[in-house]
Amino acid sequence: MVDRPLNDAELVERAKRGDLRAWETVVREYQGLAFRTAYLLSGNAADAEEAVQDGFVKAYRALGRFRRGAPLRPWLLRIVSNEARNRRRSAGRREALALRVAVADRPGDAVPSPEAALLAGEWHETLLAAVNALSEEHRLAIACRYFLELSEEETAAALGVRRGTVKSRLARALARLREELEEVAE
Amino acid sequence: MSELEQRLHQLGRQLEHPPEPDVAAAVLVRLERRPFPWRTAVAIAGAVLAAAVIAAFAVPQARTTILRWFHLRGVTVERVETLPPALERSQAPGLGRALSRAEAERTVGFRLVLPALAGEPHSVYVLDDALASVILRAEGRPILLSEFRATSFDLLKKAAATKTVVEPTSVNGDPGLWLEGAPHTLTYLDRSGAFRQRTVLVRGNVLVWVHGPLTLRLEGRLTKAQALEIARSLG
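From first to last, the protein sequence lines are chains G and Y.
Mind the numbering: the first sequence is residues 0 to 185 in numbering that gives the first Met the number 0, read in order.
Mind the numbering: the second sequence is residues 0 to 234 in numbering that gives the first Met the number 0, read in order.
It is worth saying that the hints were derived from the structure and are not from the lab.
A couple of the hints might just be wrong.
Said to hold, decoys possible - Not everything, but these chain G residues come out facing chain Y in the computed CB check (under 10 Å):
1) L10
2) K15
3) L19
4) R27
5) Y59
6) L147
7) V160
8) T164
Claimed, not checked - Listed below are the simulated EDC-like cross-link pairs for lysine to aspartate or glutamate, each with C-alpha atoms no more than 20 Å apart in a straight line:
9) G:K166 to Y:E4
10) G:K57 to G:E23
11) Y:K223 to Y:E4
12) Y:K223 to Y:D173
13) G:K15 to Y:E166
14) Y:K223 to Y:E138
15) G:K166 to Y:D128
16) G:K57 to G:D7
17) G:K57 to G:E121
18) G:K57 to Y:D21
19) Y:K223 to Y:E166
20) G:K166 to G:E136
21) Y:K223 to Y:E179
22) G:K57 to Y:D173
23) G:K166 to G:E182
Please read all numbers here as calculations on a predicted model, not as lab measurements.
Glycine included, each C-beta is placed from N, C-alpha and C at the ideal position.
In isolation and in its complexed conformation, chain Y is listed as follows (with noise of 0.2 Å):
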């Protein structure tokens, strides 16, 4: 190797680099998220897209709460025979765009809320400007924390198979609803309520809440016990 050759070696190692990320809890989310393809879905779903009858609707009690959800807070939860099918592998959304904290909270427009346990988060991965996720480790897993700022129009909508429970819950005192079991479909809209479907099939458990202005949701291989014991963690 000529003295040239060396010296650039030598400046290689002084030059400046940003702070390389860890993109591996991320990368096992996104990979963990869809566990079967869509074919297998469709042979799942048959025909008919039931009706909303979600079975936490057979408590009186938790009847308003949940109509609050339906009509307020962005999220819908139908209760169906037969999932839509979920989109091909290569039209599966991402979480978004990777941003600083800062970035991203002044791209959403409200400031997130995050366990004081789990540090400061590397990335907040922002889709369509308004659902803000980060990754976190709980329980030896990557989890999925994403937040929004619940409006008129229902930003997530979520499919649940008749296997999977969907059981009212709360957390401090906030109403939540837990889904476990089978699996589900996510869909998000778009900021502008533009119906921009875009269905992902969800395996893992989750805990949706409301937390003041914000909806909260809590993806991963969890207990309905640990999911909860972390949303209450939330500051």
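If we strip away everything but chain G, and leave its shape as in the complex, we get (with noise of 0.2 Å):
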């Protein structure tokens, strides 16, 4: 038998026969993933955790369609995205996700220098400032694409939108930061 982990066309082959525990790994490969991208999209983490749930149990039943060979991520990130969006429109809510900077020291990290970490929080707050005040859609798609590290494909499927739609918001998207980043360096 085999010693290397299954792979995900092989555990999606056996999930489609009925294997419960060939899928419970690819849930606990991918649930951190759908999780950080469904709460990025709902807002909120409770609807995040109901639309990664809802998403893996629809997603097992329709392995039926899923075609043989296709790249198995973003086929779930789209499943888990429609749930989440679905969550934030019922729940009526408009509001966007702030991002925020974690505060908390890691642990184990090096104490950087005063000067450095001075210069390097006003960077990241500036750069995150300029990020939330971009259009939704502007945001979101850097959001997946660079803060999620989604592909341009997986992006597409996040947002449920076509490829070429993507490549242009984030060009768009990075244009606009670029000259707010020069606004504020002037």
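Join the two chains, each given in its own frame, into one complex according to the hints.
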């Protein structure tokens, strides 16, 4: 038997045959990314958790429609993101999720010099403020692509738009950020 | 990659995220609890909904206990020859909304009773503001513990096929029922008592028992001895 962990395609084939242990492995592998994506889209941790749970249940039941050989990550992200958007819509929440820099020091990190910390902190805050000031669709494109480190294809799946749309939103958002940061620097 | 893009990546790693929940057990419970499609259930089901003839009624001293269950403690077990058709997949209810323990307790209006060993649950699922459920792990499998305050109306209704073992039992002296074997259906009623029937098939074994003002329900692939042991450990 194989010693290496099963890859996505093998896990999906097993899950299609009703192997729930294989599906559990898939859930454990992708639930963190799915949650961060759902949190970004729903703006609320409880909704995000529900979206992830429902998403993985629905995805399992929809495995019959999953194309053999297709990448699993964008397919899962599309399903979970739909759930997250629906929750936000049905809750009637319109306010955007404000992204924040974590303040807690990570234990074990080298203590930076006060100047370095100040500079780094200021830089982050300036950039984050500029991102938060973007339009919703630009901000989400930036957050998916750079903060969650999704590929363009995955960003398109998470946002429910075409890949070309992601490209153009990213280009416009980056240009807008550059303008904004230059203004600050001047 | 441009400098701006690199900075964005760096910034992303510094951002605040809420703690990531582990939903694997919840997903598995939901997928395991309905192992075959409703058509199979309908095929098993014939025509007649025979009236309540609980096997336990043959045991005289159990009769009063069961009658209390019927009328006072919010659970009915009906012995039927054929199961009612369970709802299709898409309509099968989930466990409800995921809330923190404090939010869940506020919503349902009572404090949850949980086994000391299992630790603090990550989420408590609340259905219809009345039924609170947590997923625990025992004997290497996910198990589902649901709690509600029994009222004069039946909140849970179970229909058990004739093959299903239904027997009275007790947990720390409080009355309980053990359902084992063939699948049975579970019907939820909403808090107002309106008969919102949402039937799901349950395949795992189930222990239902009374605990103070609450009625508790444990579902999972457990033996009776395992289920009773968990039930007795609840604080």
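Hints versus structure:
1. Taking 10 Å as the C-beta cut-off, the interface hint given for L10 of chain G is violated, the closest approach to chain Y being about 13 Å.
2. At about 13 Å, the closest approach between the beta carbon of K15 of chain G and any beta carbon in chain Y exceeds 10 Å, and the interface hint on this residue is violated.
3. About 6 Å separates the beta-carbon of L19 of chain G from the nearest beta-carbon of chain Y, less than 10 Å, and the hint is met.
4. Proximity of R27 of chain G to chain Y holds as hinted, the smallest CB-CB distance being about 5 Å (cut-off 10 Å).
5. Residue-level restraint check for Y59 of chain G holds (minimum Cβ-Cβ distance to chain Y is 6 Å; threshold 10 Å).
6. With a cut of 10 Å, the hint placing L147 of chain G at the interface with chain Y holds, because the nearest CB-to-CB distance is about 7 Å.
7. Annotation: V160 of chain G was flagged as interfacial toward chain Y, and the flag is violated, the nearest CB pair being 20 Å apart, outside 10 Å.
8. Residue-level restraint check for T164 of chain G is violated (minimum Cβ-Cβ distance to chain Y is 19 Å; threshold 10 Å).
9. Proximity of K166 of chain G to E4 of chain Y is assessed by CA-CA distance (about 14 Å); at most 20 Å being required, the pair is judged to hold.
10. For the suggested pair K57 of chain G and E23 of chain G, the alpha carbons sit about 14 Å apart, so the restraint of at most 20 Å is met.
11. Our distance criterion of 20 Å between C-alpha atoms is broken by K223 of chain Y and E4 of chain Y, whose separation comes to about 59 Å.
12. Of the supplied pair hints, the one linking K223 of chain Y and D173 of chain Y holds, its CA atoms being roughly 16 Å apart against a limit of 20 Å.
13. Annotation: proposed proximity of K15 of chain G to E166 of chain Y is violated, straight-line Cα distance about 37 Å (limit 20 Å).
14. Note on K223 of chain Y and E138 of chain Y: the hinted pairing holds, with a Cα-Cα distance of about 13 Å set against a maximum of 20 Å.
15. Straight-line distance between C-alpha atoms of K166 of chain G and D128 of chain Y comes to about 44 Å, which puts the hinted pair past the 20 Å bound.
16. Between K57 of chain G and D7 of chain G the CA atoms are separated by roughly 17 Å; this keeps the pair inside 20 Å, and the hint holds.
17. This hinted pair does not check out: K57 of chain G and E121 of chain G have alpha carbons roughly 43 Å apart, beyond 20 Å.
18. For the suggested pair K57 of chain G and D21 of chain Y, the alpha carbons sit about 17 Å apart, so the restraint of at most 20 Å is met.
19. Taking the CA atoms of K223 of chain Y and E166 of chain Y, the gap is about 10 Å. The hint holds against a cut of 20 Å.
20. The suggested pairing of K166 of chain G with E136 of chain G holds, with an alpha-carbon distance near 12 Å, which does not exceed 20 Å.
21. A threshold of 20 Å between alpha carbons decides the hint, and for K223 of chain Y with E179 of chain Y the separation of about 8 Å falls inside it, so the pair holds.
22. Restraint check for K57 of chain G and D173 of chain Y: the C-alpha separation of about 39 Å exceeds 20 Å, so the hint is violated.
23. Between K166 of chain G and E182 of chain G, the direct Cα distance comes to roughly 25 Å. Violation of the 20 Å bound is thereby established for this hinted pair.
Violation of the numbered hints given earlier is confined to hints 1, 2, 7, 8, 11, 13, 15, 17, 22, 23; the remaining hints are satisfied by the structure.
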